[in-house]
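Student: Taking the hints into account, I'd like the entire structure generated from these sequences.
What follows is the residue order along each chain.
Protein chains: 6
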Amino acid sequence: MKLSEATWTEVREADVDAALLPVGSTEQHGPHAPLGTDAMTAEAVAQAAAKRWATADTEATDDGEGTDDAVGSAVAGDLLVAPPVHVGVAEEHRAFDGTLWVSPDTFRAYVRETVESLAHHGIDRIVLVNGHGGNLEALAEVARRVSRDDASDAYAVAFTWFEAVGEHAGRMGHGGPLETAMLRHVAPDLVREERIESARDGGSARWGEWIRGVNLAHDSDEFTDNGVVGDPAEGTAALGEELLDRASEALCDVARAVVERDR
Amino acid sequence: MKLSEATWTEVREADVDAALLPVGSTEQHGPHAPLGTDAMTAEAVAQAAAKRWATADTEATDDGEGTDDAVGSAVAGDLLVAPPVHVGVAEEHRAFDGTLWVSPDTFRAYVRETVESLAHHGIDRIVLVNGHGGNLEALAEVARRVSRDDASDAYAVAFTWFEAVGEHAGRMGHGGPLETAMLRHVAPDLVREERIESARDGGSARWGEWIRGVNLAHDSDEFTDNGVVGDPAEGTAALGEELLDRASEALCDVARAVVERDR
Amino acid sequence: MKLSEATWTEVREADVDAALLPVGSTEQHGPHAPLGTDAMTAEAVAQAAAKRWATADTEATDDGEGTDDAVGSAVAGDLLVAPPVHVGVAEEHRAFDGTLWVSPDTFRAYVRETVESLAHHGIDRIVLVNGHGGNLEALAEVARRVSRDDASDAYAVAFTWFEAVGEHAGRMGHGGPLETAMLRHVAPDLVREERIESARDGGSARWGEWIRGVNLAHDSDEFTDNGVVGDPAEGTAALGEELLDRASEALCDVARAVVERDR
Amino acid sequence: MKLSEATWTEVREADVDAALLPVGSTEQHGPHAPLGTDAMTAEAVAQAAAKRWATADTEATDDGEGTDDAVGSAVAGDLLVAPPVHVGVAEEHRAFDGTLWVSPDTFRAYVRETVESLAHHGIDRIVLVNGHGGNLEALAEVARRVSRDDASDAYAVAFTWFEAVGEHAGRMGHGGPLETAMLRHVAPDLVREERIESARDGGSARWGEWIRGVNLAHDSDEFTDNGVVGDPAEGTAALGEELLDRASEALCDVARAVVERDR
Amino acid sequence: MKLSEATWTEVREADVDAALLPVGSTEQHGPHAPLGTDAMTAEAVAQAAAKRWATADTEATDDGEGTDDAVGSAVAGDLLVAPPVHVGVAEEHRAFDGTLWVSPDTFRAYVRETVESLAHHGIDRIVLVNGHGGNLEALAEVARRVSRDDASDAYAVAFTWFEAVGEHAGRMGHGGPLETAMLRHVAPDLVREERIESARDGGSARWGEWIRGVNLAHDSDEFTDNGVVGDPAEGTAALGEELLDRASEALCDVARAVVERDR
Amino acid sequence: MKLSEATWTEVREADVDAALLPVGSTEQHGPHAPLGTDAMTAEAVAQAAAKRWATADTEATDDGEGTDDAVGSAVAGDLLVAPPVHVGVAEEHRAFDGTLWVSPDTFRAYVRETVESLAHHGIDRIVLVNGHGGNLEALAEVARRVSRDDASDAYAVAFTWFEAVGEHAGRMGHGGPLETAMLRHVAPDLVREERIESARDGGSARWGEWIRGVNLAHDSDEFTDNGVVGDPAEGTAALGEELLDRASEALCDVARAVVERDR
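Chains as they are written, first to last, in my numbering: chain R, 1 to 263; chain B, 1 to 263; chain H, 1 to 263; chain X, 1 to 263; chain Y, 1 to 263; chain E, 1 to 263.
No lab work stands behind these hints, which were simulated from the structure alone.
Hints may be right or wrong, so weigh each one.
Cross-link-like lysine to any residue pairs, in silico, SDA-like; alpha carbons within 20 angstroms at most [said to hold, decoys possible]: (1) K2/R <-> G122/R; (2) K2/Y <-> A187/E; (3) K2/B <-> D78/R; (4) K2/H <-> A48/X; (5) K51/R <-> D78/R; (6) K2/R <-> A257/B; (7) K51/B <-> A257/B.
Tutor: The following block contains the structure:
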């Protein structure tokens, strides 16, 4: 169920198991990938999970089986997908045109209060579905704060899709294999194929500039000339399809755990 | 130029005259219209204005004429459309399921810092394109604060599309003639036609509960049972087309004034 | 009952129906009118309303009649007039000497906490009696926030006197007909009669610089050389008397509605 | 020069040496003295100092003598008296009806920003003229912060009138000898003479409940039943006249030091 | 009981009467005394009081006598000494190298939240044991706020050791007799004896630059060249021993009052 | 150079290459280890690094050799060790007695302003030496913010000692092998040897409760009964010595990189 497209009466009548809040960023992703990559991928994963959840649910209802592995075994309703947060914590890319950002303080408040408004309606199991590394710390803090608040029953966790794709997780980069693959699968028109090569050549192999476990670089232009980290050419559409499948499956697992958990 | 779909290199190479930041809300719009109405309509107006601007610009470049009335006469570049803000100041609808909101403080900070990040890249002429009445005061405050800040050259104003549609402005309501018309034109599948009648019957004729110029009602459920104000049936797709045309034309006029103004 | 002049024991013994908090501004009002105009007029309206309330109340008590139109029909006690807030949201006049202001954030906090301290004593029906256009948005926000706070029973609304004077409301201006009239009635010594003519000649006809419903001017010196908007000469003392009468009557109506309303 | 009564053109033309900002409180002062005592006395002291300053100034101009002891010796202009702050830090009196307060955070911001708006106009020598003990710490903090701010030339200090009355300072109390005396001199109608005796009898001899230099009582009702500390009967109008004389003379000395000091 | 050295299981099993939170500052103390003087002395006083408390307690338990003057008469447990706050409100010493400080806002929040975490565990009687004059106002504010908070049972007061040493209090200074004496007793190695003379000669006799009860100097370098106020040579180790004895005794008295008081 | 023990004159005369700010936490570390573990270990690592730095420096000065591996090759001065921050972000341990914490907002402000006061004196290269996992995110945010601030030249990074001990890093736990080892080396008296066994038996093997890369547990008592994670018995004093050696060496490397880096 997509919140933006539903009416309030439909939300009231719906059986919402949990809400997914896609959180992205509008920031440089190299010369070949769009600034909106993080919101697009986060939303794609959330939508795919909601669809998977609904299907599993129907099946579970149909045959009453598969209680161990089916998503729907313990849940009867829908995952509600809230509209995405498009601007996040991305000041590290400020050297690259078009990058938008807010301070971590403002970002935390914005996400937290949005979640609290969901909880106001009794939708108090929430997964923050994140598509940007720079948001990670802030979202984890929001999830903790919301969940510890004795004034509400809300329980939230933060999920970052590219950390939940098994062995591929290690190849993340920035505008690299994983994001390019996902885009080629969900928004192929937005990938500038003619610049893939230059994207790779002008990028760097690793995020950051490290010494003894400490990243000395606070901004991305300190270690990548064109904003790219990793080789986007490796990110095929087929890989993208696999990533979406894996990430949405993982998200359903997380959502189920969130629904079933005693806060 | 749609910021989310552009790459940072394209933004750097572009000739951006001004940025449009669509600001919506995710809030009840009656039983017939989607919760995302305000962001959808704000974004539609911004996109239409950007298209109109580009066309006028091209024409002006082609023949060098029409300096008095064409949009492009004084401008040579593009309007950049930033991704929409989906959650705004909407606590007044909290009685209706699915309505999301943040506090005015957080909303102001979020919009202001987003605008400041645009200005960081030299995109310092900004029109906040608003689709929700409840955001009005907060956006006006943000525009003033950003523009008065001596630390930047940013100049911003707030534009609310349904106040710039001539004689129709007086019929705004909520989920009423104007919004329903606009939706029927830009997102017809999202209007629940079968509930238009009940939407009208369960709504009210006027926003608020007034005495001597003071609205006694702080929340919308104090004066409308189903969230509707005004008659959605009056909002035809043809009217929607006219509204979009008028609002985008007005927005271009405002953008031009913003570009040309000494701050 | 004037709070500043009462003792705490008298407040405890009083039967307070509601409190009026006059909110002004210390800001330029042209070369002919004092910087304190907004606080003076707001306080004058509040005092006149309190007097009117007391009289009506007494009459109602005396004869038990007039339940339809008399102020006192539904109320038995007093309106408490708190001391005025002298500094408000007035940065738009910063180009003119002597204008004082605080940020909207600080202003909202100051007014809200003052109101909350009234509510602490059980005086939880409050009308913010405003004399300055620039305070409007902020006071409306405060009234909503205070009223929605589940931790208290407070209910507040914002009333702006020059919006409650019937057909005269449209002539407001700044240091123009309405304010000059009110001053000539309540503080005639403070009107510099010898500068009325130059005030008019050096002023402007309209507040702001508008295009398509958007005010491009964030500061008043962008459209008025001497700070005046409208013709002060039209503001006779007789008009002032009428304005005070109308505004205080309207304020009593609002106060009565506030007292009688289920929050 | 009283800021509220002046026009902006007069302020521009004036030769302002420094500004005085009276800061009071609206809080219980026993059964015999008004809630507005602190603002009234602070404003009276500020007005008396401004008058004394103006007189001294004129004399100094007339004869060119008395450079050592006359106020006007080093100054040529006026003291500007800003409108009073009526609500301060007074939660300690919350047990007594009608007492108003804001949090120290909000109070500091409100006073600081008011002072900064004065400084914006070049009026950057400011004395905060305080009439309430509970404001002391907060005002000292504001004065320090304003003065240390490298973004402005402002220099401010906090002056509390009852600490500048020589040997009388030790008899302050609350609603006691000093305040009652001052009121009997500047606002005799507001002293309830018939309750002076009960005020004394129901009060206490000392502010606070002390052990080893620590006041255990955070609220005044912990040590005084009717809010009074000290014997108001001792506060004659003659004493009030002396206090006003001493305090205003001291304030002129402080203002002169502030004007002459390299920040 | 020293919190840092205890395990959580020991705290759970302990009978904690009250907690002492030493609050210092890292700031210049002249050429002869260390920057950490304030934290060292505050912690020494707190430790001495905890030891005295424990001893008195034991004795009281042993003989069941002395209920009037022994510390242990009304208490059965321990004083818990929390780890010291090393950085306080000390911007006034910013001209001297190595001085650390935070804003008063941040300091108040840091101390308050630390106290609230103690109260979370039911340790809700707290004495803030202060060693720095600049912290005084902020700590008093924190103690009031914590104690007034209806959401907890916490009761806190602020104690400044050098105000609780009887007739010696008047000789405080800065890096002067009292602090030098205390250091010579508790940390003699840290006193640079060879610079005592120059410390005295380059210092000043009095803190601040006063006129009519107002300190014109916001920073200490305005009145002392080397940061010293008072004569450190007068501060013998013997005096230090006496000061520690007096201050810790006073602190026990305060702690007992705090434990026994109805909040 | 230990800041707390130095005088301001010594700091002024010193040649400070960079400052180390130890940041700990006061929180449960199982039944066998003290609440102050994190501050103790962070301070121990900082002190060891400062000593190592000084030694290397001297040697380098002596023979002018070893430019490749000696710490002192590029630096000539001292590492200044600031006093430790004892209370951090530790609400996750609130279920265990004696744990202290402040909110992340307050912690960030406190650390940031402390760092800014160092930078005020020109000590603008700072390493935050962290001993607590819960502080990590907040310190990284502070380091970024301080370093990006155009108003100062400060450059800061966050270093967490147990992440810089090579292959041992993976065994961290909580009150487990690494912390117990370090304590046995630097503060053996504070380890309750008699409870090591029960500490291990009542603890858990892993921090958190994970599903698909998401930790469902926001508080530590959700997955460990006695607060311990990992086996403390494995943490020998010999291992502690090695850890201190490795961590201080790594810290010197980081400090050197910070000193040499163009910000």
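Student: A separate judgement is required for each hint: does it hold in the structure or not?
Tutor: Hints and how they fare:
no.	hint	result
1	K2/R <-> G122/R	holds, 17 angstroms
2	K2/Y <-> A187/E	holds, 15 angstroms
3	K2/B <-> D78/R	violated, 32 angstroms
4	K2/H <-> A48/X	violated, 25 angstroms
5	K51/R <-> D78/R	holds, 9 angstroms
6	K2/R <-> A257/B	violated, 38 angstroms
7	K51/B <-> A257/B	holds, 18 angstroms
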